[in-house]
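So the protein lines, in turn, are chains A and B.
Using our numbering, read the first sequence as starting at 1 and increasing by one per residue.
Using our numbering, read the second sequence as starting at 1 and increasing by one per residue.
Any given hint might turn out to be false.
If chains are identical, the list can't say which one is meant, so a pair holds when it fits in one copy or spans any two.
With a Cα cut of at most 27 Å, we get these calculated DSSO-like pairs of lysine-lysine [unchecked claim]:
no., residue 1, residue 2
1, 446, 141
2, 141, 102
3, 230, 69
4, 420, 230
5, 207, 177
6, 92, 117
7, 141, 92
8, 446, 323
9, 177, 230
10, 102, 92
11, 117, 102
12, 323, 69
These are computed hints drawn from the structure, not numbers from a lab.
Protein chains: 2
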Amino acid sequence: MKKLLLLAAILPAAAFAQTPDRAAELRDAALGDDVAWTIVEGLTTEVGPRMAATEAEARARDWAVTKLKALGFANVRIEPYSMQGWVRGEEKAEIVSPFPQKMVVTALGASASTGAKGITGEIVGFASVDALKAASPETVKGKIVFVWHRMAPTQNGSGYGMFGPVRWNAASIAAQKGAAAIVIRSVGTDHHRNPHAGMTTFTPGVKPIPAGALSIPDAENLERMLARGKPVTMHLTLTPQLTGAQQSGNVVAEVPGRDPTLPIILIGGHLDSWDLGTGAIDDAAGIAITTAAAKRILDAGQPLRTIRVVWFGAEEVGGFGGKAYQQAHASEAHALVGESDFGAGRVWQVTMNTGPDGQAVKTRIGAMLAPLGVVTSKEEAHAVTDVDPVADTGTGVLGMNQDGTRYFDLHHTPDDTLDKIDREELRQNVAAWTAALAVAAESREKLRVK
Amino acid sequence: MKKLLLLAAILPAAAFAQTPDRAAELRDAALGDDVAWTIVEGLTTEVGPRMAATEAEARARDWAVTKLKALGFANVRIEPYSMQGWVRGEEKAEIVSPFPQKMVVTALGASASTGAKGITGEIVGFASVDALKAASPETVKGKIVFVWHRMAPTQNGSGYGMFGPVRWNAASIAAQKGAAAIVIRSVGTDHHRNPHAGMTTFTPGVKPIPAGALSIPDAENLERMLARGKPVTMHLTLTPQLTGAQQSGNVVAEVPGRDPTLPIILIGGHLDSWDLGTGAIDDAAGIAITTAAAKRILDAGQPLRTIRVVWFGAEEVGGFGGKAYQQAHASEAHALVGESDFGAGRVWQVTMNTGPDGQAVKTRIGAMLAPLGVVTSKEEAHAVTDVDPVADTGTGVLGMNQDGTRYFDLHHTPDDTLDKIDREELRQNVAAWTAALAVAAESREKLRVK
């Protein structure tokens with residue numbers, strides 16, 4: 001802690017090569033931003049859930065084009081691509097014996113269907129993915145596997161990496177061992193009767209089985225039932241469907257730079273959402289924050305570099321928008337990429353990868369963010385899903401790390417709604433992104449890592 | 001505040017007529033109680049939701065008998081009665097235009113059915129019951145009425161009295177004006193996608209209409225849609241059913257007193273619950289707290305007065321258990337009644353109504369509760385639903401007022417589950433009831449008001 005305070009203290013104003021006063025002015029003005037709120041409020045109210053490759057996502061693209069044009073961005077357009085669709089069906093879980101009662105469940109993405117009549121099976125429980133891995137197929141065969149965990153909140157979201165495999169991998173392992181179906185404790189940190197949706201991945205060659213997530217109170221209840229030592233039987237109905245080839249798309253907008261020969265800055269968030277909530281924190285907030293910041297740069301006069309804002313499609317179901325963007329724009333030079341996709345909590349840390357020339361830019365951005373309470377980290381920046389394919393080509397990466405302490409209370413749940421967003425924290429995000437863009441878009445240094 | 005502190009200071013130990021040391025010992029030992037937890041944990045896990053006049057409530061009665069006998073209570077029995085049943089069906093709400101999206105809704109008790117195909121209607125919104133009352137029938141006729149409110153948390157639960165009429169009365173008013181249906185903002189204080197169930201009352205002669213409660217985030221979304229000024233259309237499906245005459249019942253247990261000629265003390269909570277949650281705070285907690293306290297008196301040696309513990313049936317849907325109890329026991333002399341039915345938050349205030357002779361008992365109870373942080377109030381005690389019919393015959397009333405700040409976050413929602421209960425707060429409740437019973441059950445004073 002002391003070390004970081006010293007770091008902030010030894011960054012004199014003289015360290016700035018360009019207009020630090022102007023960047024600071026833009027940053028401070030952004031603390032009064034209303035554009036980001038207008039985007040989140042509008043998208044969650046006027047469109048609502050925006051499942052990838054559905055007509056709702058198409059409505060969201062139309063909404064986006066109208067909004068981005070109204071804000072004055074240049075070159076606003078939809079860049080379509082095709083993908084396979086998947087939609088939720090009926091979802092019910094009920095303990096049949098020994099303690100009959102309903103439970104709240106949602107199908108995971110890639111889940112197979114139980115058929116309309118559902119299936120009944122004995123529950124076999126595991127405290128972790130490792131425990132499931134270690135189980136003999138005989139103990140699992142024909143049963144409904146149940147895997148739980150003890151994910152707890154963390155500021156940096158690292159619990160998701162640790163406990164995410166319960167959602168990502170357990171279904172495929174259970175399928176390989178001959179399970180009839182799987183239900184997991186939702187990968188989340190809340191205690192509400194709202195299950196957490198999300199993708200699960202079946203290893204190629206493994207035939208998908210029905211896979212659902214129980215709300216955390218239900219999962220805890222099921223654990224207590226199993227602890228009593230009697231066989232527990234569940235009736236499970238999940239009827240998701242593959243919808244075949246469907247159109248999705250990215251929505252692109254620009255703040256044209258004074259020097260079009262310079263590699264551009266790519267920022268954004270994702271427009272699609274899971275279907276249970278209205279996608280307020282995931283990720284209307286991210287597109288709102290980055291767009292509001294870009295709008296402030298736009299209104300402040302033409303920046304040196306072009307800033308491209310993308311509202312990516314189909315992130316949740318496999319990052320299709322990000323991959324399509326990279327393929328469509330492979331010939332363009334990108335300097336720096338950054339995405340906001342971790343809610344609407346305040347930015348607490350900035351990470352940045354650049355080559356040697358870009359280090360001074362990182363230092364300037366860190367100094368500009370310090371008055372917002374943002375720590376400059378020496379950790380590596382990790383490109384978020386949608387900008388990762390472009391980052392992989394060797395661009396610099398800007399990571400505005402948001403406080404994720406409560407993010408996994410809401411992530412992929414019906415509870416991801418507008419009321420969860422704190423307007424002042426949203427404004428702090430806009431101010432942080434505005435300040436970073438004000439510095440980076442005026443920089444001539446090479447920002448790419450390679 | 002100062003006045004209350006003085007009150008505590010001027011109550012010397014010498015004020016006690018009976019064994020204050022023994023009562024204090026029992027109180028302090030109860031801070032380590034596990035019986036109450038075992039009851040809440042067992043009932044929510046092994047039975048779950050316990051809707052009045054259903055087979056689930058019958059299973060709960062069997063569970064209760066087994067549990068109360070195992071705890072060593074005397075005269076454990078079910079006292080059955082008949083009542084009309086009502087069960088939930090399908091429930092769906094969807095905005096059709098201009099902003100298509102699903103909303104989370106639940107039928108209110110006494111709601112009519114829309115039929116399986118549902119109904120579609122334009123929404124007409126009102127900010128309060130008074131605004132609905134003032135509306136001309138022409139503005140409402142054939143439409144789906146939507147009533148919202150601004151209920152906020154209060155420690156004493158007074159927000160329920162203020163905003164409860166949105167649930168209790170608005171449906172009947174809307175029906176009288178010719179509305180096709182009504183949806184209300186759930187009467188609650190949370191921001192989760194969990195609607196709050198509960199009864200609504202149609203005035204005799206008014207034909208019931210379909211009546212649902214939207215979750216609070218959905219109600220806020222609908223308010224925002226209406227604020228945009230375009231007509232908003234909803235498709236609403238609610239298919240509850242009347243199930244005709246069904247059996248319900250109270251479960252009764254006793255701690256027999258040394259002097260059976262003295263009027264008894266009646267305490268308890270209600271065994272039934274709404275069907276969406278597992279009825280942990282409403283009201284497994286109440287029966288657990290009062291039963292655990294009575295168990296401590298039972299184990300401490302026979303009290304002077306008989307304590308009767310009742311796990312009432314069918315409270316939620318009209319207080320049928322309480323009325324049936326009073327009718328069945330009209331010839332018995334009751335001295336004092338008390339019910340715990342406001343969650344599992346700590347007791348912060350004690351209220352007590354007695355005649356003049358009982359004032360000394362109230363003073364002794366207040367002194368015994370002060371070390372638990374409980375304020376002795378001069379306010380009138382209000383008998384809770386189940387014991388109200390007996391209280392109306394002129395008994396004394398003991399009110400152990402629990403902190404209700406978060407109670408209406410959970411009340412009647414799917415979120416009323418075990419994880420919401422803090423074990424230490426539950427124990428404080430048991431200690432408070434144990435102390436009060438230790439004093440009251442040893443008192444010879446007349447406790448009745450008349």
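Against the structure, the hints:
Taking the shortest Cα distances, residue 446 and residue 141 never come within 27 Å of each other, neither inside one copy (57 Å) nor across copies (68 Å). Taking CA atoms no more than 27 Å apart as the test, residue 141 paired with residue 102 passes inside one copy only; the shortest distance there is 24 Å, against 37 Å between copies. Only between protomers do residue 230 and residue 69 lie at most 27 Å apart by alpha-carbon distance; the minimum there is 23 Å, versus 62 Å within a single protomer. For a Cα distance limit of 27 Å, the shortest separation of residue 420 from residue 230 across copies, 26 Å, qualifies, whereas the shortest one inside one copy, 40 Å, does not.
In this assembly of identical chains, residue 207 and residue 177 lie within 27 Å of each other by CA distance solely inside one copy; the values are 11 Å within and 57 Å between copies. For the identical chains of this complex, residue 92 and residue 117 are neighbours both inside a copy (10 Å) and across copies (20 Å), given an alpha-carbon limit of 27 Å. For the identical chains of this complex, residue 141 and residue 92 are intra-copy neighbours only, at 22 Å inside a copy versus 36 Å across copies, given an alpha-carbon limit of 27 Å. For the identical chains of this complex, residue 446 and residue 323 are intra-copy neighbours only, at 24 Å inside a copy versus 81 Å across copies, given an alpha-carbon limit of 27 Å.
Taking the shortest Cα distances, residue 177 and residue 230 sit within 27 Å of each other inside one copy (23 Å), while across copies they are farther apart (55 Å). Taking the closest pair of Cα atoms, residue 102 and residue 92 come within 27 Å of each other both inside a single copy (8 Å) and across two copies (18 Å). In this assembly of identical chains, the alpha carbons of residue 117 and residue 102 lie at most 27 Å apart whether taken from the same copy (16 Å) or from different copies (24 Å). Proximity of residue 323 and residue 69 under a CA criterion of 27 Å is satisfied intra-copy only: 25 Å inside one chain copy versus 65 Å between copies.
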